[in-house]
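Protein chains in written order, with the numbering used here: chain A, 1 to 328; chain B, 329 to 828.
If you are wondering where the hints come from, they were derived from the structure by calculation, not from laboratory data.
Values in this document were obtained by computation on a predicted structure and should not be read as measured data.
Treat the hints with care, as some may be off.
As a list, the in silico DSS-like pairs of lysine-lysine whose alpha-carbon atoms are at most 30 Å apart [claimed, not checked]:
id: 1; chain 1: B; residue 1: Lys397; chain 2: A; residue 2: Lys90
id: 2; chain 1: A; residue 1: Lys27; chain 2: B; residue 2: Lys358
id: 3; chain 1: A; residue 1: Lys288; chain 2: B; residue 2: Lys397
id: 4; chain 1: A; residue 1: Lys60; chain 2: B; residue 2: Lys357
id: 5; chain 1: B; residue 1: Lys586; chain 2: B; residue 2: Lys714
id: 6; chain 1: A; residue 1: Lys64; chain 2: A; residue 2: Lys74
id: 7; chain 1: B; residue 1: Lys825; chain 2: A; residue 2: Lys27
Here are the computed distance ranges between Cβ atoms for each label pair [what the hints assert, rightly or not]:
id: 8; chain 1: B; residue 1: Tyr717; chain 2: A; residue 2: Thr9; range: 56 to 66 Å
id: 9; chain 1: A; residue 1: Thr43; chain 2: B; residue 2: Lys357; range: 50 to 60 Å
id: 10; chain 1: A; residue 1: Gln187; chain 2: B; residue 2: Glu575; range: 51 to 61 Å
id: 11; chain 1: A; residue 1: Ser266; chain 2: B; residue 2: Val581; range: 45 to 55 Å
id: 12; chain 1: B; residue 1: Ser792; chain 2: A; residue 2: Asp287; range: 37 to 47 Å
id: 13; chain 1: B; residue 1: Gln556; chain 2: A; residue 2: Ile3; range: 45 to 55 Å
id: 14; chain 1: B; residue 1: Lys357; chain 2: A; residue 2: Gly242; range: 41 to 51 Å
id: 15; chain 1: A; residue 1: Phe55; chain 2: B; residue 2: Gln819; range: 24 to 34 Å
Footprint (simulated), chain A over chain B, 3 or more residues, beta carbon under 8 Å [claimed, not checked]:
id: 16; region: 435-448
id: 17; region: 774-787
Cβ atoms here follow ideal geometry from the backbone N, Cα and C, with glycine treated the same way.
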Amino acid sequence: MTIEIKTSTLEPVRNTFANIERRFGDKPASRYQEATYDLQAETNFHYRPLWQPEFELNDKNRTKIVMEDWYALKDPRQFYYGAYVQQRAKMQEAAESSYAFFEKRNLADYLSDDVKNLLITYLIPLRHIENTANLNNMYGCAFGYGTAITQALLYNAMDRLGIAQYVSRIGLMLDGNTGQSLIESKQHWMENPAWQGMRALCEEMTTVEDWFEVVLAQNLVMDTLVFNLFYEQLDGKLASMGGRDIAMLTEFMQAWNKDVSKWFDSVLKTVASESDENKAMLHAWTDKWQSKVRDALRPVIHELLEPEALDLAVAELEKRIKKAGITA
Amino acid sequence: MSAKKLNLKDKYRLLTRDLDWEYSYADRKKAFPYEEFEGIKITDWSKWEDPFRLTMDAYWKYQAEKEKKLYAIFDAFAQNNGHLNVTDARYVNAIKIFLTGVSPLEYQAYQGYAHVGRQFGGAGARVACQMQSIDELRHVQTQIHAMSHYNKYFDGFQDWTHMHDRVWYLSVPKSFFDDARSAGPFEFLIAISFSFEYVLTNLLFVPFMSGAAHNGDMATCTFGFSAQSDEARHMTLGLEIIKFLLEQHEDNVPIVQKWIDKWFWRGTRLLSIVAMMMDYMLPNKVMSWKEAWEVYFEEAGGALFKDLARYGIRMPKFVEVTEKEKEHISHQAWWIFYNYGHAAGFHTWIPSDEELDWLSEKYPDTFDKYYRPRWELAKKMEAEGKRFYSQALPQLCTTCQIPMGFTEMDDPTQIAYRSSDYEGEKYHFCSDGCKHIFDEEPEKYVQSWLPVHQIYQGNCGGASVEEVLRDYYKLNLGADNLDIKGSPDEQRWKEWKGVA
């Protein structure tokens, strides 16, 4: 049996905003649609930026990618702010309980010095890579075009800050909240020859001008390789060294990577299928950055994992590239 | 282990700015290229005091809780036809102005803070700006969702983003934020974080939200409460940026003073629309504009500038003019809209007798003398079937873009005209403040997209004003514009309320 509460219904004058109606017809719209489409100013800008007079404030020409409608890059997760923070809050809650468990049971005490050293030398420095990812996604957010892509890039940028903080907290759990492990791991980042290729590459990425290029270099190439190597393959190695519990602390990163890959793959697919020129551009960029990231990772992976590890990660990347329809 | 456990401040530093490092391989100036051209000297970013300490996990958690509550109210509001609880249909016009005029500024704030949140070399400042960027995105999106229900039942909301890019009076707020975003990163922060969020927010955000609370608008009011803790964070950022710049180098002081002068005046002009909203558009009044100005600027702002005096910062230029303007500005602004009600995306009206009396009481020195007679005349003409609309397009101030309707403040019967010559052209202004801003940066303001000029140049389609309004602005003529009296909004309201 169903019960029915009688409410007074008033006939609405319209179902949604006019811009949404022009795009999708006169029918009720989703919150994602109303909070995304056509929010960004399109025309009649008053002044050119003092810092980039060659462009308008919002300008499609800040990338070589050409889209008829930048709002075609919609987010399959339908993240507007409210949906985004609520989804991340759930992930955060799970992570928090793992971190609390790890701390309460003093699981760090059960890790061998070898494992601790490995983490400090090779895992904790990822906080700096995440910082670069934060900058690169902010860059895309600030210079990108249309709310559909720029809001997703901002969510991504904030996620990267969050991940950098989770990685830092792993360090703080190893050193009993003194910060010593973070100082050591930063020294590795700054001085250990194995890391210098990656550090140089991170620095270089923050000087790239084309926002779509840097977003692709980061979110497709760098992330696929780094997440595969440091969160999946390293996970196996840690388990074999008696460091299985670390997986509790990197679960967030693994789940997160799955979530954003879904979004970014769909962005790439839409861009690639828009035109042959776009496809060629994406192809040239993936080629260029794949070889750069590979070279940069080689020394550190050489010390950390089995010889075939890098090839395995690259195979993963190639699968994604193919899936997105980025071909020569 | 000998090392000491971290305190909260050091821990936050490790979780934010310590993520950054000194570059050795790439040119850091190429990565952060916009820090120097404004002449601001930063000697040591590490002196930046984090205005708040919020890690991302805590941010997700708190904000998700707030969103959950907010959207529960929005749902209940829609389900129960919450729009029927507002004081009367006139009130809704205040939030039409909010959605078309203010929400797009929240969007620009999101973009502006994203830009500085990438461009500052100091990671502490960067992270604070990034958090403000995502907060501002929250604000524009929750405002859209709050208004979404009103849009289904009232006219004038439906094409807010299209309108913001084109409609004459909306170029006032749009040019304000275009101005800030097109400036360098430090000016942007002085403009928005300090002058706007810190000094003037109580005169923009609070009047709309209090107006909502006083007029039964649960959706907007709940949004306002939910945004309060975000706003508090934004204000602390505003205070930190000014202290930081002033403490970094004495050469920064005159630059910062120049920006404060400019943005204070820019801000007061933008607020004239809030002034008229408070005095004329709210069926249940919160307080008069004059009272709000006295409490929130003269008292609070006065104390603030006393504090800043030790850095060599003085009150903004032209502050003495605002002391006189608070008596006039709301009346003159609403009169402009009453005259151009056919070209506005919201409804206008003549104040009721009770409202005229309220205005007389709140403005004893000016209202009866200068403004009441106008409204009495308008009332008489309307009763005789001679409702008057100005057909000629008004001249606009090149800086603030408001029609030139404001008067000399010492002689409220005389329209104020100022002008400057630049490269063989003459530019017009509504006030000394606006002229001064132009004269400091003429090469910027000659670029202004002035709606009236654009119409005359044929850039807005149409041979007639009506075509511009209908085809270029996409106003639904006869529904969105003109007086509330006889409008479809009023008609529906009467039907819902069962009054003839």
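Evaluated hints:
Using a Cα cut-off of 30 Å, the hinted pair B:Lys397 and A:Lys90 holds, with the two alpha carbons roughly 16 Å apart. Proximity of A:Lys27 to B:Lys358 is assessed by CA-CA distance (about 48 Å); at most 30 Å being required, the pair is judged violated. Between A:Lys288 and B:Lys397, the direct Cα distance comes to roughly 47 Å. Violation of the 30 Å bound is thereby established for this hinted pair. Distance check on the hinted pair: A:Lys60 and B:Lys357 sit about 25 Å apart at the alpha-carbon level, within 30 Å; holds.
Straight-line distance between C-alpha atoms of B:Lys586 and B:Lys714 comes to about 48 Å, which puts the hinted pair past the 30 Å bound. A distance of roughly 19 Å separates the Cα atoms of A:Lys64 and A:Lys74; the hinted pair therefore holds under the 30 Å criterion. A distance of roughly 26 Å separates the Cα atoms of B:Lys825 and A:Lys27; the hinted pair therefore holds under the 30 Å criterion. For B:Tyr717 and A:Thr9, the hinted distance range of 56 to 66 Å is not satisfied, since their beta carbons lie about 37 Å from each other.
A C-beta distance of roughly 33 Å is found between A:Thr43 and B:Lys357, which places it outside the suggested range of 50 to 60 Å. In this structure the hint that A:Gln187 and B:Glu575 lie 51 to 61 Å apart at CB is violated, the actual value being about 31 Å. The hinted range of 45 to 55 Å is satisfied by A:Ser266 and B:Val581, whose Cβ atoms lie roughly 51 Å apart. Roughly 56 Å separates the CB atoms of B:Ser792 and A:Asp287, a value that falls outside the hinted 37 to 47 Å.
For the hinted restraint 45 to 55 Å between B:Gln556 and A:Ile3, the CB-CB distance of approximately 38 Å leaves it violated. The supplied range of 41 to 51 Å is met by B:Lys357 and A:Gly242, whose beta-carbon atoms lie about 46 Å from each other. About 47 Å separates the C-beta atoms of A:Phe55 and B:Gln819, a value inconsistent with the hinted range of 24 to 34 Å. Residue count for the region 435-448 of chain B with a Cβ under 8 Å from a Cβ of chain A: 9. That meets the three needed, and the coverage hint holds.
Counting residues of the region 774-787 of chain B whose C-beta lies closer than 8 Å to any C-beta of chain A gives 4; at least three are required, and the coverage claim holds.
The structure is inconsistent with the numbered hints 2, 3, 5, 8, 9, 10, 12, 13 and 15, although it conforms to all the rest.
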